[in-house]
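Peer 1: Listed here are the chains, written in short residue letters.
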Amino acid sequence: MEISAQNIAQLINGEVEGDGEVQVSDVSKIEQGRPGTLTFLANPQYTKYIYDTKASVVLVSKDFIPEKELTCTLIRVENPYHALATLLDFYVQSKPKKTGIENPSYISSTAQVGDNAYIGAFAYLGQNVKLGKNVKVYPHVYVGDNVVVDDDTILFAGAKVYEGCKIGKSCIIHAGAVIGADGFGFAPDQEGHYKKIPQVGYVEISDNVEIGANTTIDRGSMGNTIIGEGTKLDNLIQIGHNVEVGKDTVIVSQVGVAGSSKIGNNCMIGGQVGISGHLHIGNRVQVGAQSGIMHDINDGEVLLGSPSMGHRQFFKTMAVFRKLPEIFRELNSLSVEVKKLKGSN
Amino acid sequence: MEISAQNIAQLINGEVEGDGEVQVSDVSKIEQGRPGTLTFLANPQYTKYIYDTKASVVLVSKDFIPEKELTCTLIRVENPYHALATLLDFYVQSKPKKTGIENPSYISSTAQVGDNAYIGAFAYLGQNVKLGKNVKVYPHVYVGDNVVVDDDTILFAGAKVYEGCKIGKSCIIHAGAVIGADGFGFAPDQEGHYKKIPQVGYVEISDNVEIGANTTIDRGSMGNTIIGEGTKLDNLIQIGHNVEVGKDTVIVSQVGVAGSSKIGNNCMIGGQVGISGHLHIGNRVQVGAQSGIMHDINDGEVLLGSPSMGHRQFFKTMAVFRKLPEIFRELNSLSVEVKKLKGSN
Amino acid sequence: MEISAQNIAQLINGEVEGDGEVQVSDVSKIEQGRPGTLTFLANPQYTKYIYDTKASVVLVSKDFIPEKELTCTLIRVENPYHALATLLDFYVQSKPKKTGIENPSYISSTAQVGDNAYIGAFAYLGQNVKLGKNVKVYPHVYVGDNVVVDDDTILFAGAKVYEGCKIGKSCIIHAGAVIGADGFGFAPDQEGHYKKIPQVGYVEISDNVEIGANTTIDRGSMGNTIIGEGTKLDNLIQIGHNVEVGKDTVIVSQVGVAGSSKIGNNCMIGGQVGISGHLHIGNRVQVGAQSGIMHDINDGEVLLGSPSMGHRQFFKTMAVFRKLPEIFRELNSLSVEVKKLKGSN
Chain G
0 MEISAQNIAQ LINGEVEGDG EVQVSDVSKI EQGRPGTLTF LANPQYTKYI
50 YDTKASVVLV SKDFIPEKEL TCTLIRVENP YHALATLLDF YVQSKPKKTG
100 IENPSYISST AQVGDNAYIG AFAYLGQNVK LGKNVKVYPH VYVGDNVVVD
150 DDTILFAGAK VYEGCKIGKS CIIHAGAVIG ADGFGFAPDQ EGHYKKIPQV
200 GYVEISDNVE IGANTTIDRG SMGNTIIGEG TKLDNLIQIG HNVEVGKDTV
250 IVSQVGVAGS SKIGNNCMIG GQVGISGHLH IGNRVQVGAQ SGIMHDINDG
300 EVLLGSPSMG HRQFFKTMAV FRKLPEIFRE LNSLSVEVKK LKGSN
Chain E
0 MEISAQNIAQ LINGEVEGDG EVQVSDVSKI EQGRPGTLTF LANPQYTKYI
50 YDTKASVVLV SKDFIPEKEL TCTLIRVENP YHALATLLDF YVQSKPKKTG
100 IENPSYISST AQVGDNAYIG AFAYLGQNVK LGKNVKVYPH VYVGDNVVVD
150 DDTILFAGAK VYEGCKIGKS CIIHAGAVIG ADGFGFAPDQ EGHYKKIPQV
200 GYVEISDNVE IGANTTIDRG SMGNTIIGEG TKLDNLIQIG HNVEVGKDTV
250 IVSQVGVAGS SKIGNNCMIG GQVGISGHLH IGNRVQVGAQ SGIMHDINDG
300 EVLLGSPSMG HRQFFKTMAV FRKLPEIFRE LNSLSVEVKK LKGSN
Chain A
0 MEISAQNIAQ LINGEVEGDG EVQVSDVSKI EQGRPGTLTF LANPQYTKYI
50 YDTKASVVLV SKDFIPEKEL TCTLIRVENP YHALATLLDF YVQSKPKKTG
100 IENPSYISST AQVGDNAYIG AFAYLGQNVK LGKNVKVYPH VYVGDNVVVD
150 DDTILFAGAK VYEGCKIGKS CIIHAGAVIG ADGFGFAPDQ EGHYKKIPQV
200 GYVEISDNVE IGANTTIDRG SMGNTIIGEG TKLDNLIQIG HNVEVGKDTV
250 IVSQVGVAGS SKIGNNCMIG GQVGISGHLH IGNRVQVGAQ SGIMHDINDG
300 EVLLGSPSMG HRQFFKTMAV FRKLPEIFRE LNSLSVEVKK LKGSN
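As they're listed, the protein sequences go chains G, E and A.
Just so you know, numbering that gives the first Met the number 0 puts 224 at position 225 of the first sequence, and the rest follows in order with no gaps.
Just so you know, numbering that gives the first Met the number 0 puts 43 at position 44 of the second sequence, and the rest follows in order with no gaps.
Just so you know, numbering that gives the first Met the number 0 puts 143 at position 144 of the third sequence, and the rest follows in order with no gaps.
There could be a bad hint or two in this list.
[Claimed, not checked] Quick list of simulated restraints, FRET-style, between CB atoms:
#1 HIS277/G with SER332/E: 37 to 45 Å
#2 LYS132/A with TYR90/G: 32 to 40 Å
#3 GLU14/E with HIS277/G: 23 to 31 Å
#4 PRO187/A with ARG321/G: 17 to 25 Å
#5 MET293/G with ASN297/A: 29 to 37 Å
No wet-lab data here; the hints were simulated from the structure.
Remember, predicted model here, so these are calculated numbers, not experimental data.
Glycine residues also receive a C-beta, built at the ideal position from the N, C-alpha and C atoms.
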């Protein structure tokens, strides 16, 4: 499908600068731009590539000021990354969609399937399952008894949803994610043997949530584990029992959140972060990759390190940390000096 | 199902304090207690909630002394968490159990299935597989050739067990766990290309073991990878080839244990810990979250940090670490002072 | 199958020392050696076991000099670990191979399957899938539309390959691995809601790559995520969108590589390492376990720590770090001394 720069600008409310008739049929990265493709410039780190890119059209911010001559056509928009998302959405929406029921699949006699669903081969829908409209259940997905999945949600291949959990509208659950496995709850007896605490709560996932591949979200021990509206979880994340994550929070891959902790709205949690159990993390909190959170965190804090500290303190402390060998030498030579001075006094 | 405080107390050998006739039909968390529910108080951090909880009945320890008036009925027991586990067990046992063989499933002609099994749709049992009594194999489970699964074990949806592995009695293997994939063994040649070392050992899982969702336990390169009796593994854990984990050891999510390390009995390993290969970790060892273990550990040690150190040393060292910027300033000003003193001498 | 030391030596171009007629029928670890088995000595840490091992035959390096008498037969080779790999290959190749198509499986009408394939029960091949010769697709594997898998590659049980991805020759993809799930790309709007950036690139896996169990490799946002020839990835690794990993690089389990980073050839990345996005890691780089890489790395560097530093600097710095409590005491006592000296001057 070919489309002109002018037509693209209309779709995203942008302003063309240069040849509006140039046609593109694909997208590319700015540093690997090819003729006949559209690209974008959002991250300033990549500005240097715009002067040599072979891409025909580049989405840029309204206030972008080129420092050299450009050979590409620009489309100026408020937010280039957002505009790109809109364009790619048009593209993805134009492709044919999976629909219908492939065979063999297992749909229990008491399961309800909404209009226009896709049920892939080898998908399993347990007793009393309710799927909304336009739900897509890819092959090898397991939907346990009494699970409810609301409209427009996609469960990719091999996602597993244990009995009784609820998933909202327009969610995307990626391959291999496990929703509702038992939380890690055991009571040691006097001989040190562990007795399992049956986990009788559920998982509730709100609307517009995305859950990455092979991420695991445990069911509540009693009461529910909750993922708030618009929140995005990357791959291989562990969410413990009775955790509550707020709205529009982003959690990067391989993070672990221990049981019963609460994370607020609009937080950003970097990769491989660990959060202890029973904590309260406020809204708009930002946590750098590999940090370890061991205490409650107020709204808006920015943290780094394991155990974590404020990011400014972290950078100051690490700068000194890197000088420890010379600090040690300096301290030792001072000791010697002071001893001499004492002797001479 | 409604049950009175008096009847509950009989089930768990407890003593009622307050109205023994009050009825409950569900459980709740103490901080979210609702009328008509039972809750428990085990973690002292939650004691403050007991005075306001709306729950009708609270399991408490024998020696709990309330500091204010209570509106709920108490049931005093030796170990409230343990008593809760017992009660929830009664509840879970009272629910109907999956049994029988769903279609389509794949049961090879040489597979043996014990009495009273559940084989979900799309489950796969390879050649010469032996399943004991009451084994539950959920949908999409893969049981490779020659695998043995003993009585009363549950394999949840999509668990994968490679050829030749053995799983004991009364184990629970959660969704997406992979038992017996190849260990990570390669021999580099002189040009730096890696040649695979075929992994010809197995995994042996003893009785009463629980394995979390998407956890991976590699088969031995030769000889076996072993998980001891009563040990509990959380989600997304990596256990390398030929690792041996002892009895009644608890490992929290996202821990990685490299090849051939041995972990003793009754250990507690916190989340995201890394343990290098070929190490010997004693019995009753406790390792804090995110620690890195790079050397052998004696019985009973308590460790923190990466690289790890004794927990007391860790807390002392971190307290000073946080002061590094001011230490650096103090050292510099001392240097200046000493120079001055030397000049004036 | 019994085989003599003499015959083994011929297979691997080795030299027998001791009884060449002794027969073995299995392999064992040197520290658990049993009569009638072959073992090997590659890691010097294990040399002590050779004097007591009950194994009948031990592969050793050409220049191994025993310090005591030995009861086993030696076979001297250039590289014992490599020789072992060759022997185990013979053994594994001698076993019967899975072949044919099990029922029920789902092979779309437009899928092409090469000669001598194995398609396990409940495997799914989407539209226009192309499988080369000798490809093995185990049960519950999902191969999305338009995926290409080249000759001699094995996809173990439950591996998932999203639409459009390419896998080279002689690769091994372990159970539960997810190839081609969406990258983590979202554009926040002014209210802080995240809009999904459709991920329209693919994953390309070159020849001779091994991907561990439950590892996830995200598709490119645009352009491809690339895993180079001969590279080996362990279990539970996260590879972000548009990452490029070079040739013959080894990545240990639970590593996370954020989007668009490039890793060179012949690198070794230890377990649980985190690598930030948009970085350039050179060739032959070695990174110790649990390190955090936040900046570009030159060829041949050896790194440790989070944030990472050169390994020599790391060891020096950690040696002082462990002394921080005593350094703090020493500094405080110096301060007192200097104050006294100033007073007395």
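Peer 1: Work down the list of hints and note, for each, if the structure agrees.
Peer 2: Here's how the hints hold up against the structure:
The hinted range of 37 to 45 Å is satisfied by HIS277/G and SER332/E, whose Cβ atoms lie roughly 42 Å apart. Against the hinted window of 32 to 40 Å, the Cβ-Cβ separation of LYS132/A and TYR90/G comes to about 35 Å, which satisfies the hint. Look at GLU14/E against HIS277/G: about 29 Å separates their beta carbons, and that is inside 23 to 31 Å. Checked against the hint of 17 to 25 Å, the C-beta distance between PRO187/A and ARG321/G comes to roughly 34 Å, which is inconsistent with it.
At about 35 Å, the beta-carbon gap between MET293/G and ASN297/A stays in the expected band of 29 to 37 Å.
In this structure, the one hint that does not hold is number 4.
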